[in-house]
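Read off the chains here:
Protein chains: 2
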Amino acid sequence: MCGAITLFRGTQKLPRSLPTGARVCFLPGVRLDDGIALGGTPERCRARRRRSSWSVPRQAVRAVVTALAAAAGATYAGDRLRQGIERGQQKFMSELVAACAPGAVPAILSGPSFCCRCCRGMPTAVTLAASDGKLAAALAQAISAASFRLYHSTDVRGVEIGGAAKNVLAIAAGVVTGRGLGASAGAALTTRGFSELVRFGKAFGAKPQTMMGLSGLGDLLLTCSSPQSRNFSFGVALGRGGKPDTIQKTTGLAEGRVHGRGIGGNGARKSVDMPITAAVRRAARAKMTVDEAIESLLARPLKAER
Amino acid sequence: MCGAITLFRGTQKLPRSLPTGARVCFLPGVRLDDGIALGGTPERCRARRRRSSWSVPRQAVRAVVTALAAAAGATYAGDRLRQGIERGQQKFMSELVAACAPGAVPAILSGPSFCCRCCRGMPTAVTLAASDGKLAAALAQAISAASFRLYHSTDVRGVEIGGAAKNVLAIAAGVVTGRGLGASAGAALTTRGFSELVRFGKAFGAKPQTMMGLSGLGDLLLTCSSPQSRNFSFGVALGRGGKPDTIQKTTGLAEGRVHGRGIGGNGARKSVDMPITAAVRRAARAKMTVDEAIESLLARPLKAER
Numbered sequence: 001m002c003g004a005i006t007l008f009r010g011t012q013k014l015p016r017s018l019p020t021g022a023r024v025c026f027l028p029g030v031r032l033d034d035g036i037a038l039g040g041t042p043e044r045c046r047a048r049r050r051r052s053s054w055s056v057p058r059q060a061v062r063a064v065v066t067a068l069a070a071a072a073g074a075t076y077a078g079d080r081l082r083q084g085i086e087r088g089q090q091k092f093m094s095e096l097v098a099a100c101a102p103g104a105v106p107a108i109l110s111g112p113s114f115c116c117r118c119c120r121g122m123p124t125a126v127t128l129a130a131s132d133g134k135l136a137a138a139l140a141q142a143i144s145a146a147s148f149r150l151y152h153s154t155d156v157r158g159v160e161i162g163g164a165a166k167n168v169l170a171i172a173a174g175v176v177t178g179r180g181l182g183a184s185a186g187a188a189l190t191t192r193g194f195s196e197l198v199r200f201g202k203a204f205g206a207k208p209q210t211m212m213g214l215s216g217l218g219d220l221l222l223t224c225s226s227p228q229s230r231n232f233s234f235g236v237a238l239g240r241g242g243k244p245d246t247i248q249k250t251t252g253l254a255e256g257r258v259h260g261r262g263i264g265g266n267g268a269r270k271s272v273d274m275p276i277t278a279a280v281r282r283a284a285r286a287k288m289t290v291d292e293a294i295e296s297l298l299a300r301p302l303k304a305e306r
Numbered sequence: 001m002c003g004a005i006t007l008f009r010g011t012q013k014l015p016r017s018l019p020t021g022a023r024v025c026f027l028p029g030v031r032l033d034d035g036i037a038l039g040g041t042p043e044r045c046r047a048r049r050r051r052s053s054w055s056v057p058r059q060a061v062r063a064v065v066t067a068l069a070a071a072a073g074a075t076y077a078g079d080r081l082r083q084g085i086e087r088g089q090q091k092f093m094s095e096l097v098a099a100c101a102p103g104a105v106p107a108i109l110s111g112p113s114f115c116c117r118c119c120r121g122m123p124t125a126v127t128l129a130a131s132d133g134k135l136a137a138a139l140a141q142a143i144s145a146a147s148f149r150l151y152h153s154t155d156v157r158g159v160e161i162g163g164a165a166k167n168v169l170a171i172a173a174g175v176v177t178g179r180g181l182g183a184s185a186g187a188a189l190t191t192r193g194f195s196e197l198v199r200f201g202k203a204f205g206a207k208p209q210t211m212m213g214l215s216g217l218g219d220l221l222l223t224c225s226s227p228q229s230r231n232f233s234f235g236v237a238l239g240r241g242g243k244p245d246t247i248q249k250t251t252g253l254a255e256g257r258v259h260g261r262g263i264g265g266n267g268a269r270k271s272v273d274m275p276i277t278a279a280v281r282r283a284a285r286a287k288m289t290v291d292e293a294i295e296s297l298l299a300r301p302l303k304a305e306r
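Protein chains in written order, with this note's numbering: chain A, 1 to 306; chain B, 1 to 306.
Possibly wrong hints are sitting among the right ones.
For chains that are exact copies, the list does not tell them apart, and a pair is met inside one copy or across any two.
Cut-off 27 Å, straight-line C-alpha distance, at most; resulting in silico cross-link-like pairs (DSS-like, lysine-lysine) [stated by the list, open to error]:
hint	residue 1	residue 2
1	K207	K303
2	K303	K134
3	K91	K243
What the hints contain is simulated information worked out from the structure, not anything from laboratory work.
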């Protein structure tokens, strides 16, 4: 999900308040539904008693949620929430919302989609998760459209884990492509990576069916095959022999580089076996060459599939 | 798996006995390991007391297994076994082997691979399943090579179900591509199709982790994205507006057309919800247009993800 409900451009600086008169910077020519009000301040949210929907960079979530918590209704649906883990504190985004806005019920929208396509009526299906099942079903019903199908779920943790872990695996998939290892190796890598994702999710209380769903497997499939994914492109360049820091100057930040540490660190605390994440983490920081990373995966003992 | 251990060309006619002096028709220039003996008759198999490995079309399995049962050792590893369901009798291949060769232990090799690539050292990982776990582990060890990783499993049913169901889903994935519905729709289709696969497998005693493994998800991913897959190509042509019978004259038999009936019929007997399989089954037999099939999937009630 690259921002189907992104109504204003995210900023790298932490905002002191929400921008007034937010502009549509993406999707020129797409007419928004009349029921959607654009932008506004926390005070306007309170006055209107509407649900607010936002999408900001991971590192700005704490400030935005804190500003909204003092103002608006109980529900926030932000697609960037799924981006997973806060830098530094290593908190999942739902933990962050709980800490900054204890009365809020975060709802997360995630799944395989490109906003530019789904806004033009191409069939798209994603997951909407909130811990309150009735709220999740009602929001899914409200946001759905003929070609935009929302499945609902109560597994918030599962959805946010999928969103974070896929970035790491997308780098690995990119490496396979960049190195020219072929479609079979790519499919095997994605499958074994998905096993890591399921193991990691299980250790943190996510349901396997969420991992197998649109926000887990679905988003993973799209990210692991799309040149539009920064993480995949970063991996392709790495596989072709580029140096991580040099590549980043061209592609911008590949979040999987950062998430590799968060996911890997959290996984290690719970003894989750994550060889692909570990290999990406090292290769993406130039602690290991790509060939060494591939060899480390191929040299593992043969074992039962699980 | 398109035939990594295919040593002689399969024939559409049922053989009266195995061909003597079988020739290597595929993989020119690839040197076979000296430990592998080529071809032979059932009598030679008995004399050598070796394990036999074969790959024949689905409809020839009954005759070949019956011929071997009277002769050779206890183990057969045939990658075509995974092709799933016998025409007419609707039997899974392991059931067929049990009926024709009650003393045999069928071992199945399946996963995302192209023989032409893995024989040239491109990294490949697949699953080998036999009900006897020690045998599965020993065979996996014996067949593995540096760049050809075998994971072992005791879930024979799970492996053969994955091999059959993916062909139906590959047609659906091809339709999405042929119709130009975009990568998001493709990822969503594959994910929801995978859910069908897991539900179907569960109803027939397969383990979810097998479905999530190389022979299930892995092979599905390769088949659903590869123009080398006849089923995917059939779907692409269907999505572009071709008529099923006309397309088949060009692409050859897309097994998903046949399997759709077997999988759909078996699923219906156990009340498994399989909307994608049902849509493919109808569209691939011109009982419904592609647009009607897509609409039938998009018009389903919104529900919880599972």
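Subject >> Homomeric proximity label, K303 with K134: Cα distance no greater than 27 Å >> reply: between (43 Å within a copy, 12 Å between copies)
### Message
I want to check one pair: K207 and K303. Are their C-alpha atoms no more than 27 Å apart within a copy, between two copies, both, or neither?
### Response
both (25 Å within a copy, 17 Å between copies)
At most 27 Å between alpha carbons: which applies to K91 and K243, within, between, both or neither? neither (29 Å within a copy, 54 Å between copies)
When held up to the earlier numbered hints, the structure conflicts with hint 3 and nothing else.
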